[in-house]
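The numbers in full-length UniProt numbering rise by one with no breaks, and the one at position 125 of the sequence shown is 125.
For the record, the hints were derived by calculation from the structure and aren't laboratory data.
In this text, a Cβ means the ideal position worked out from N, Cα and C, and glycines have one as well.
Just to be clear, a hint being listed does not mean it is correct.
[Said to hold, decoys possible] FRET-style restraints, in silico, Cβ to Cβ: (1) Asn156 - Asp24: 46 to 54 Å; (2) Ala25 - Glu151: 41 to 49 Å; (3) Ser67 - Pro246: 29 to 37 Å; (4) Ala158 - Asp74: 22 to 30 Å; (5) Asn93 - Lys162: 37 to 45 Å.
[Unchecked claim] Heads up, simulated DMTMM-like pairs for lysine to aspartate or glutamate below, C-alpha to C-alpha not over 20 Å straight-line: (6) Lys18 - Asp80; (7) Lys203 - Asp24; (8) Lys247 - Glu207; (9) Lys92 - Asp11.
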Amino acid sequence: MTRSNFIETTDGTRIFFKDWGPKDAQPIVFSHGWPLNGDAFEDQMLFLAQKGYRVIAHDRRGHGRSSQPGFGNDMDHYSDDLAAVTKALDLKNAVHVGHSTGGGEVARYIGRHGTQRVAKAVLIGAVTPIMVKTDWNPNGVPMEVFDGIREGVQKNRAQLYKDFPAAFYGFNRPETEESEGLADTFWLQGMQGSILTQYECIKAFSETDLREDLKKMTIPTLVIHGDDDQIVPLETTGKAAMKLLPKGELKVIAGAPHGLCSTHKDDINELLLAFIKG
Numbered sequence: 001m002t003r004s005n006f007i008e009t010t011d012g013t014r015i016f017f018k019d020w021g022p023k024d025a026q027p028i029v030f031s032h033g034w035p036l037n038g039d040a041f042e043d044q045m046l047f048l049a050q051k052g053y054r055v056i057a058h059d060r061r062g063h064g065r066s067s068q069p070g071f072g073n074d075m076d077h078y079s080d081d082l083a084a085v086t087k088a089l090d091l092k093n094a095v096h097v098g099h100s101t102g103g104g105e106v107a108r109y110i111g112r113h114g115t116q117r118v119a120k121a122v123l124i125g126a127v128t129p130i131m132v133k134t135d136w137n138p139n140g141v142p143m144e145v146f147d148g149i150r151e152g153v154q155k156n157r158a159q160l161y162k163d164f165p166a167a168f169y170g171f172n173r174p175e176t177e178e179s180e181g182l183a184d185t186f187w188l189q190g191m192q193g194s195i196l197t198q199y200e201c202i203k204a205f206s207e208t209d210l211r212e213d214l215k216k217m218t219i220p221t222l223v224i225h226g227d228d229d230q231i232v233p234l235e236t237t238g239k240a241a242m243k244l245l246p247k248g249e250l251k252v253i254a255g256a257p258h259g260l261c262s263t264h265k266d267d268i269n270e271l272l273l274a275f276i277k278g
């Protein structure tokens with residue numbers, strides 16, 4: 001069910017979405033990262049809308065303008081919410097683009113709901129197949145790192161979201177000029193969300209095993225990753241995902257940080273356009 005710019009899911013959660021462009025054009029659907037919202041893809045949405053595509057971005061439950069339920073903060077619910085959006089808007093032949101946590105959401109969506117409505121997929125700095133260090137992922141990120149993020153959210157998330165952009169956008173690198181506006185935007189989007197959702201989402205994006213989901217992504221899939229990603233390491237995510245994707249293609253952007261959709265937006269936009277048209 002749609003009401004204005006909201007989808008209401010079967011469990012009563014209201015998911016906010018933006019839908020620009022001709023309704024008969026090919027839909028490009030964006031799934032954002034933690035702790036942001038659909039506005040994180042504004043550069044890509046503007047670019048592709050101007051190229052004549054239909055572009056859609058939703059705010060994940062508990063993030064941005066969507067409602068803030070006290071449950072369902074896991075990849076299964078995130079993917080089902082995405083399925084509710086695609087069904088309500090009757091999207092077909094769609095290209096799904098997911099950044100970071102959103103990449104996991106796209107993979108789980110296809111794993112749970114199939115490829116009937118999907119033409120292609122793009123995983124940008126994605127958390128697939130898993131981030132945390134495990135027996136089968138010995139080079140993953142230690143759990144202590146995620147415990148530290150949880151502690152930051154619980155202790156003073158407003159300050160955490162002031163500090164996080166340094167590594168997220170690579171502002172802590174000597175050759176990178178800091179953008180105060182971009183850092184402020186990160187803080188603003190983060191603070192719009194629910195602290196409960198953002199706390200529980202850390203487990204979802206770090207500990208969800210997405211190996212079987214990647215194997216089910218039988219459509220062409222573009223993996224884009226920065227080789228200076230300090231948040232989601234290329235070696236244990238992007239390159240590892242490539243080994244599981246049936247039709248994967250990897251593009252590594254030299255010097256790009258995790259927040260490359262903003263810092264390297266022109267590179268991302270051109271890669272997306274070429275992949276969509278190809």
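Okay, the hints, checked on the actual structure:
no.	hint	result
1	Asn156 - Asp24: 46 to 54 Å	holds, 48 Å
2	Ala25 - Glu151: 41 to 49 Å	holds, 45 Å
3	Ser67 - Pro246: 29 to 37 Å	holds, 36 Å
4	Ala158 - Asp74: 22 to 30 Å	holds, 25 Å
5	Asn93 - Lys162: 37 to 45 Å	holds, 41 Å
6	Lys18 - Asp80	holds, 18 Å
7	Lys203 - Asp24	violated, 38 Å
8	Lys247 - Glu207	violated, 24 Å
9	Lys92 - Asp11	violated, 24 Å
Hint compliance for this structure: hints 7, 8 and 9 are not met, and every other hint is.
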